[in-house]
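Residues per chain are reported as follows:
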Amino acid sequence: MTTETGSLAGLEAEALAALEAAADDAALDRWRAEWLGRQDGRVTVLLRGIREVAPDERAAYGAAVNALKQALEARLEARRQALKRAELERLAREGAIDVTLPGRPQPLGRLHPITRTLRDCLDAFRAMGFRVAEGPEVEWDRYNFDAARIPEDHPARDMWDTIWVNTLIDGKRRMLLRTHTTPNQIRVMERTPQPPVRVVVPGKCYRQEATDATHEWMLTQIEGLAVDEGVRMSDLKGVLYEWARAMFGTDRRIIFHHSYFPFVEPGVEMAIDCFICRGDGRQCHTCHGTGWIEILGAGMVHPEIIDNAGYDASRVTGFAFGIGVERVAMLRWGIEDIRHFYSNDLRFLGQF
Amino acid sequence: MKISLNWLREYVDVRLPIDELARRVTDAVAEVEGWRVIGEMWDPALVRVAKVVAVDPHPNADRLRLATVDTGERTVQVVCGAPNLAVGQTVAFASEGARLFDGHTGEPTTLKLRPIRGVESAGMVLSERELGLSDEHEGILVLPEGTPVGVPLADVLGDVILEVSTWANRADLLGMVGFAREVAALTGGVLREPSREFTASGPAVDGLVSVSIEAPDLCRRFTASVIEGITVGPSPAWMQERLRKAGMRPINNVVDITNYVMLETGQPLHAFDYDLVRGKRIVARRARPGERLVTLDGVEREFDGEMLLICDGEGPVGVAGVMGGGNSEVNEGTTRVLLEVANFRAGSIRRTSTLLKLRTEASLRFEKGLGPEMAMYAQQRALHLFETVCGGRIASGIVDVYPGKEPPRTIVLEAARIAQVLGIDVPVEDVRRILGDLGFLVHHVPPAKYSVQVPSWRPDVEIPDDLVEEIGRIYGYDRLPATMLRGTLPAPEANPVMSLRERLRDLAVALGFQEVINYTLTTREKLALVTDPLDTVRRNPLGVVNPVAAQHAYLRTSLRASVLESYAANRRQAEGPLRLFEIGFEYLPVEGDLPIERPVLCAVLGGSREGRWHVGGGDALDFFDAKGAVEAMLGALGVRGTFTAAEEHGLLPGHTAKFGVGSEMAGIVGQVHPETAAAFDIEEPVFLFEVWVEDLVRHLPERPPYQALSRYPAVRMDLAVVVDASVPAGAVLELARSHRSQGVTTRAELFDEYRGPGVPEGKKSLALRLWFRADDRTLTDEEALKVRQGLLARLGREFGAELRG
Ligand SMILES: [Zn+2]
Chain A
1 MTTETGSLAG
11 LEAEALAALE
21 AAADDAALDR
31 WRAEWLGRQD
41 GRVTVLLRGI
51 REVAPDERAA
61 YGAAVNALKQ
71 ALEARLEARR
81 QALKRAELER
91 LAREGAIDVT
101 LPGRPQPLGR
111 LHPITRTLRD
121 CLDAFRAMGF
131 RVAEGPEVEW
141 DRYNFDAARI
151 PEDHPARDMW
161 DTIWVNTLID
171 GKRRMLLRTH
181 TTPNQIRVME
191 RTPQPPVRVV
201 VPGKCYRQEA
211 TDATHEWMLT
221 QIEGLAVDEG
231 VRMSDLKGVL
241 YEWARAMFGT
251 DRRIIFHHSY
261 FPFVEPGVEM
271 AIDCFICRGD
281 GRQCHTCHGT
291 GWIEILGAGM
301 VHPEIIDNAG
311 YDASRVTGFA
321 FGIGVERVAM
331 LRWGIEDIRH
341 FYSNDLRFLG
351 QF
Chain B
1 MKISLNWLRE
11 YVDVRLPIDE
21 LARRVTDAVA
31 EVEGWRVIGE
41 MWDPALVRVA
51 KVVAVDPHPN
61 ADRLRLATVD
71 TGERTVQVVC
81 GAPNLAVGQT
91 VAFASEGARL
101 FDGHTGEPTT
111 LKLRPIRGVE
121 SAGMVLSERE
131 LGLSDEHEGI
141 LVLPEGTPVG
151 VPLADVLGDV
161 ILEVSTWANR
171 ADLLGMVGFA
181 REVAALTGGV
191 LREPSREFTA
201 SGPAVDGLVS
211 VSIEAPDLCR
221 RFTASVIEGI
231 TVGPSPAWMQ
241 ERLRKAGMRP
251 INNVVDITNY
261 VMLETGQPLH
271 AFDYDLVRGK
281 RIVARRARPG
291 ERLVTLDGVE
301 REFDGEMLLI
311 CDGEGPVGVA
321 GVMGGGNSEV
331 NEGTTRVLLE
341 VANFRAGSIR
351 RTSTLLKLRT
361 EASLRFEKGL
371 GPEMAMYAQQ
381 RALHLFETVC
391 GGRIASGIVD
401 VYPGKEPPRT
411 IVLEAARIAQ
421 VLGIDVPVED
431 VRRILGDLGF
441 LVHHVPPAKY
451 SVQVPSWRPD
461 VEIPDDLVEE
471 IGRIYGYDRL
481 PATMLRGTLP
491 APEANPVMSL
501 RERLRDLAVA
511 LGFQEVINYT
521 LTTREKLALV
531 TDPLDTVRRN
541 PLGVVNPVAA
551 QHAYLRTSLR
561 ASVLESYAAN
571 RRQAEGPLRL
581 FEIGFEYLPV
591 EGDLPIERPV
601 LCAVLGGSRE
611 GRWHVGGGDA
621 LDFFDAKGAV
631 EAMLGALGVR
641 GTFTAAEEHG
651 LLPGHTAKFG
661 VGSEMAGIVG
671 QVHPETAAAF
681 DIEEPVFLFE
691 VWVEDLVRHL
701 PERPPYQALS
711 RYPAVRMDLA
721 VVVDASVPAG
731 AVLELARSHR
741 SQGVTTRAEL
751 FDEYRGPGVP
761 EGKKSLALRL
771 WFRADDRTLT
781 DEEALKVRQG
791 LLARLGREFG
801 AELRG
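Sequence lines, in order, name chains A and B.
Numbering-wise, UniProt numbering puts 251 at position 251 of the first sequence, and it's gapless, one number per residue.
Numbering-wise, UniProt numbering puts 467 at position 467 of the second sequence, and it's gapless, one number per residue.
Careful: at least some of the hints might be erroneous.
Here are the simulated DSSO-like pairs of lysine-lysine, each with C-alpha atoms no more than 27 Å apart in a straight line [to be verified]: (1) A:K172 - B:K357; (2) B:K526 - A:K204; (3) B:K449 - B:K627; (4) B:K764 - B:K658; (5) B:K357 - B:K2; (6) B:K627 - B:K526.
Hints were generated in silico from the structure; no laboratory data involved.
When you get a sec, could you build the whole thing from the sequences and use the hints?
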């Protein structure tokens, strides 16, 4: 018994050593014939020799030899797989590609940087409960100016150089390309019978002015308007503060300067602390050494405009602001020339 | 406006450093755009005040002279070429090593002394240019008489000039006194107003001139005085220095006084030569249409009937509030001056100066709305200066015609309004101090009201919220907390067009298209390349009166030209496929109303796919790439388009389709006509598609049509049929897709179209891949074959299709 099992173990070791030495399919076939061949494989012969084993040892003998057979078969299969993989990998290495060659170009579209900036701004305001509305780009002078308390012959009209549409109505020019999104303050309140109003209105605006690195005649603006009982200037500060943090980083600070726009009272201009030089760059091109970047105009909606909307100006107050999207985009990416935006050069657009 | 800090100090103490002052002023008053320090470079030891004690000719040069100069410490000799050099002058003197500006190049330099034409020079008498004061280099700078000799020049001439941009409603800020009042309120200082005292020793003014206002709606007040015994000459050096620092050119003592007082008070003044005023009377009246006058700038101007003129007994002598006439100008021989200080309606002055294209220091102030009380203030201030500076004899009395006199405005401000608007309470004592410092008369009416009288120089303050702004800006907006909006949210407003537009934008990007944004104004010629001659709307775009450039004169009625231009411009520097799109408006004119702004997505694509590393590439994008993009977008939106062959101006016939969703056309796709492409300098085949957002949005399902997934597998089969070449493949496909039989649905794709050997002439073969599926069971092949047979029979009936053998 012990000799039998002992000799089986010796046999297995011998077989495995031979298997290890077989290096191709032909050698494997030969090995299989020698050890597991149906006729005279050495393990087959052992199985057949069971008749010569003492009857009370036959069961154990048979089990041991069968186990050996199965073990060898499994090792054979594993050896085949290993050789196959080795061959595959050898061929792959022979045909190695240059992995430093560039990948094949894929069609990749991108949004215009103004669209991206506009969307990011609108998202920030949506998160504060603002709805998004729109209004016409070709506008009546009544909405663009008069209703915004900028009458004809008022020097405040100098703040907006206007492109007029060449159409006479009752002998007068009344149609223009809106110079700001402010007319939408009037339009939104007109169609909202009762406050609350909480809306942002994006869109293109136009100015009759010469272009240079910081001036463009076609602009994208976002008008903001919140009107309700209890709307305060401190809320304006809070809303714009959150917006500034969303666009320029959570550690931003903001400041209001006194300003004048006929449609707000009080009127302010908002600046954010310079995130380029963090306030100590005398040579800083972004803030010109002041540490502050002027970024938008805002204020409390003039009570006359609240009144004209049919709201009770003694109870209802509101704030409004106007953001220049190009300016925001220039600041966030450090773009040096506003004229890049609408020249549509893919070398520029491909960077965003 | 340029504010000299030295001049400002005459009216208010300024203790803040300049950058702090600038910051505070910007926060609360008006924007300080920057400042210039005069004398920053002047070394106190090397650039000093000196006196010219003798002038002798240069032995070797006619144009040069030798000046003997008392520097306070010693007497030295310098060589000087200035023609205005004279004994007794107080001058600026620089010693060796002083930092100056080069008189010729204007560049900073260090003074090095050399003998000039053989004569040693101990220093240099300086011009304004060398000091960096102005570009004046004709002669030396002459300092005011009495300037102490030997002191550093920086002590007497050093200054800071603030460049301040003021607001359109604040005429008072265009005067030093008004600006000083703000600084006083901001810094807790006290305003010192300039003297307006004078002695009237001349004859009664009433006997010298009469004034009448025939247009009281345009002229609210007219004051006039007469000064006799004047000698016209240069104004004193201190006055000239201040005018120059303010950016004005000194002219003569009379004109300089009017300008000086204007800079001081914000109120424009005008001096006439009294002896040139015909009839000794002044009339303020509307111009007679076509009336003309040569103004002081030498230009003859014509007026309309709404323009206000200042006339004498015979005709116009000035354009009210804008510019005087040449016919009554003060000149060297003038001995008597008629001084006009008036108040005109702001809008009228603005209209006149705009129409005449004549913006002057006076009109810029009047158009912002001056308080009429300032007229008398400035009149008296000017008379004080005429007396002290020109030694004139002032006629007794001042003519004052004042039809527009109004009582002072009083505003009741509820204290609660301050918190309602700003969000914080401002203590009573701060409200009183701030408004008081700004010149308002404040009565606190306990418990919670203020009765506020508005000063005459602040006509811009009309309502309680104007007072809230005064309080808020001086109190400081930095004291406002950042709070969040309270209350209910407005109802959401659905905007399906905007939502679809943004969705299309994302889809186009996902399909590899780059977004562009073009100017919305273009030319008629470009629009004509891409719009149909019979399309009277698009061929007649709205023009603008004053385009920024000729190529931006018409509002585009089609996006195609813009996107093709973008394509062409980028093709010049990019190889490979280009895919561009823009979403914007077509501006379609409407008679008598605003144009329709029609949102459209327009995309252009073309070029060859790039092959790389021995694989693929080289084949050009074609119609089916464009159509595939459209189908992908529509598919993502949950709809399928129906494409039908179409013809359209600018697109190639036989290669263009319109597509509809539901009953409506929603866009177009096609190859750009090669001639049109060539007109945009595009040589390769390019394809274009448009999605008409508003037409599409009406036929979109509110949410995508959802179908539960079948638990049973589909049976896949192919079917090739032969049909007449004229049968549209789309119709065959549509029929296959709609085929249903005994609870079995059909999904179909068309994967091949073939003409050629094996298919009869005039026919084509269409290969369909079909998936049959039942919701309630696994189909057997036999069942599927039966359904396919049924489909084939229908195709046969509808299109004469036969199974391809
Ligand atoms: Zn900076």
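Quick rundown of the hints versus the structure:
In summary, the hint linking A:K172 to B:K357 is supported, as the alpha carbons are separated by about 21 Å, within the 27 Å threshold. The straight-line distance between the Cα atoms of B:K526 and A:K204 is roughly 22 Å, inside the 27 Å bound, and the hint therefore holds. This hinted pair does not check out: B:K449 and B:K627 have alpha carbons roughly 71 Å apart, beyond 27 Å. Of the supplied pair hints, the one linking B:K764 and B:K658 holds, its CA atoms being roughly 23 Å apart against a limit of 27 Å.
For the hint pairing B:K357 with B:K2, the CA-to-CA distance comes to about 24 Å; that is within 27 Å, so the pair holds. The suggested pairing of B:K627 with B:K526 holds, with an alpha-carbon distance near 25 Å, which does not exceed 27 Å.
Of the numbered hints given earlier, the model fails hint 3 alone.
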